[in-house]
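There are 2 protein chains.
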Amino acid sequence: MTTLKNDTFLRALLKQPVEYTPIWMMRQAGRYLPEYRKVRGEAGSFMAVCTNPELACEVTLQPLRRFDFDAAILFSDILTIPDAMGLGLHFTEGEGPKFERPLRTPADIEKLAVIDPEIELRYVTDAVRLIRKNLDGSVPLIGFSGSPWTLATYMVEGGSSKNFAKVKALMYNDPALMHKLLDTLAQSVAAYLNAQIAAGAQAVMLFDTWGGMLSSEDYNEFSLRYAKQVRDLLTLENEGRRVPNILFTKGGGLWLEEMATTGYDALGLDWQTDIQHARTRVGDKVALQGNLDPLALYANPDVITEKVKTILHKYGKGSGHVFNLGHGILPDINPEHVKAMVDSVHKYSPEYHTQA
Amino acid sequence: MTTLKNDTFLRALLKQPVEYTPIWMMRQAGRYLPEYRKVRGEAGSFMAVCTNPELACEVTLQPLRRFDFDAAILFSDILTIPDAMGLGLHFTEGEGPKFERPLRTPADIEKLAVIDPEIELRYVTDAVRLIRKNLDGSVPLIGFSGSPWTLATYMVEGGSSKNFAKVKALMYNDPALMHKLLDTLAQSVAAYLNAQIAAGAQAVMLFDTWGGMLSSEDYNEFSLRYAKQVRDLLTLENEGRRVPNILFTKGGGLWLEEMATTGYDALGLDWQTDIQHARTRVGDKVALQGNLDPLALYANPDVITEKVKTILHKYGKGSGHVFNLGHGILPDINPEHVKAMVDSVHKYSPEYHTQA
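The listed protein sequences derive, respectively, from chains A and B.
First residue of the first sequence? That's 1 in our numbering, and the numbers climb one at a time after it.
First residue of the second sequence? That's 1 in our numbering, and the numbers climb one at a time after it.
By construction, these hints were calculated from the structure, which means they are not laboratory data.
Since this is a predicted model, take the numbers as computed values, not measurements.
Each hint should be verified, as a subset may be incorrect.
Identical chains blur together in the list; that is why a pair holds if it fits in one copy or across any two.
Claimed, not checked - Taking lysine to any residue and the SDA-like style, the derived pairs with C-alpha atoms no more than 25 Å apart in a straight line are:
id, residue 1, residue 2
1, 317, 217
2, 162, 95
3, 111, 162
4, 180, 335
5, 162, 238
6, 228, 137
Model the full assembly from the supplied sequences, consistent with the hints where possible.
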């Protein structure tokens with residue numbers, strides 16, 4: 001394998017010494033970039049880009065040509081697993097993801113089987129292999145999946161949801177069936193992430209986008225428990241190197257202590273959570289990734305620099321911080337503002353990593 | 001004035017001894033009740049019910065005829081103030097509130113004046129007076145308003161929002177103008193709540209529905225600061241009795257300590273927040289109101305009873321707990337399930353209030 005030239009991101013996730021705070025950005029390959037919109041327009045749909053390894057590779061690399069990001073992230077969707085299970089994923093403009101065949105009856109759930117990602121999601125592992133080849137050791141590649149709970153919400157609701165009425169009605173009225181669904185998903189997610197690792201992903205992230213919609217008690221029982229099951233099944237070493245893993249629950253700031261006991265190397269923080277307070281709460285257990293408000297990128301570059309400095313200062317000295325947004329970048333953000341964020345992180349973070 | 005026959009709710013908010021845990025429910029007057037849908041249908045629109053004191057009174061009283069709630073809450077909307085300021089509130093089926101004339105320019109904000117509620121929102125204070133008369137001292141009446149920050153989000157966005165892009169762009173790019181808007185709103189909200197108190201509201205609640213969309217830092221600067229300004233201006237006594245006040249920030253579970261220092265008597269808790277943990281964090285500073293997941297009312301009555309018992313147990317012994325949902329009830333909940341919740345709270349809470 002090619003030697004990795006910049007492994008700052010991987011070291012920060014493992015709280016090993018670094019020279020500066022690494023940065024990448026959720027949805028860094030995406031609609032805010034005109035070159036992405038061009039590829040997406042020519043392909044005809046979002047899924048057409050995801051399922052074509054050459055196109056997925058191209059858009060994964062685009063942001064790295066503009067900005068000094070310290071990691072690449074596979075271009076894909078969090079809902080590939082339910083699609084592989086036969087639910088029929090498609091995207092309606094402005095309405096987000098939809099499933100043609102959502103889970104409507106107990107029989108729909110009973111018949112779901114754990115997926116074999118190298119067969120059913122071959123387009124993803126092919127993309128991972130191609131991206132690794134094209135990255136040529138410049139920065140590490142992140143693989144990812146939706147969390148079991150988050151996948152379940154879309155599979156039962158049939159798409160995005162405001163109140164999660166259907167999935168919560170199932171959870172409250174038939175918890176055993178809900179647990180069966182989540183167990184099948186946890187096994188599938190672990191197999192999927194391990195296939196990405198085997199194909200070359202050098203770190204993996206679990207996106208629990210909707211865990212924050214649960215009560216503390218239900219979060220532990222229906223979301224975190226299955227995130228932990230995934231973690232327990234994950235490949236931890238590949239190519240002679242630790243493959244760090246990250247757990248991100250949007251709206252999960254109340255539960256960082258519990259999240260920090262599940263074995264994940266790092267926790268993603270949404271923008272609501274104060275990173276200084278978060279570090280005090282989790283101690284040395286995990287690294288932290290985050291957490292600028294994605295909407296702060298509407299501000300002018302000078303304001304963005306000040307916000308970056310505040311977050312660096314709040315995290316404080318020492319390794320274990322990966323800079324990121326607290327959620328995905330929005331499509332109408334000016335790429336110049338992204339550059340201001342990235343360059344500010346690299347300019348102002350070395351002082352927090354002075355080697356004595 | 002008529003003697004108040006059941007003041008359990010008011011005593012619990014002030015952490016005075018009670019015989020059982022009182023309960024009311026956010027949106028208890030609403031679409032889940034067929035008798036409400038009848039009035040609403042005949043009136044033609046939601047705002048037609050709000051602006052007609054007789055109809056507002058009727059729907060406020062409806063849930064009390066079915067359930068043993070320990071408080072009534074004025075039937076109104078959180079957005080009456082911006083409507084009185086001339087923004088033109090209307091409701092589109094399934095889309096939530098909209099303003100015909102949202103704030104689009106600095107001049108739109110500069111020209112806003114503090115409202116005089118007894119003139120511009122006379123229909124509200126008339127409704128309060130009529131409801132008090134009709135309650136005839138059975139249970140106390142709660143008045144309410146949207147918080148300055150939450151009103152500002154709707155006024156700048158023009159309606160509900162997913163990302164709050166416009167209001168955050170304003171906040172990040174012109175904080176001084178944002179502060180001016182919030183100051184005008186805080187003065188208006190305080191005047192409005194004080195007018196409701198003068199008309200007969202025996203407790204008041206500030207709904208900060210969208211404070212949770214902010215970072216910790218921005219929450220303190222743009223939401224909590226103005227909630228405190230409102231609190232500092234509130235009438236604290238009327239009819240020879242303390243008028244307790246409640247602050248509810250949905251998604252604000254991370255900031256309870258800061259909220260508890262603002263002088264409010266009680267904090268509303270959303271369903272994400274563990275009430276046992278919350279009580280430990282706020283100590284004796286405030287009472288707590290909440291916090292069953294509104295979606296748990298989809299469960300069958302036996303499950304609802306178990307969930308009620310868990311929350312009562314988590315709060316534990318002593319006064320200072322008002323049972324409620326963690327957010328408003330949904331329109332498709334079976335009223336029998338509400339009855340199961342209310343009756344369970346009354347049946348299982350006395351053991352937590354045993355007088356030695």
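A quick look at each hint next to the structure:
| no. | hint | in the structure |
| --- | --- | --- |
| 1 | 317 <-> 217 | between (34 Å within a copy, 20 Å between copies) |
| 2 | 162 <-> 95 | both (12 Å within a copy, 12 Å between copies) |
| 3 | 111 <-> 162 | neither (27 Å within a copy, 35 Å between copies) |
| 4 | 180 <-> 335 | neither (44 Å within a copy, 30 Å between copies) |
| 5 | 162 <-> 238 | neither (40 Å within a copy, 40 Å between copies) |
| 6 | 228 <-> 137 | neither (30 Å within a copy, 53 Å between copies) |
Figure legend: structure checked against the earlier numbered hints; hints not met, in rising order: 3, 4, 5, 6.
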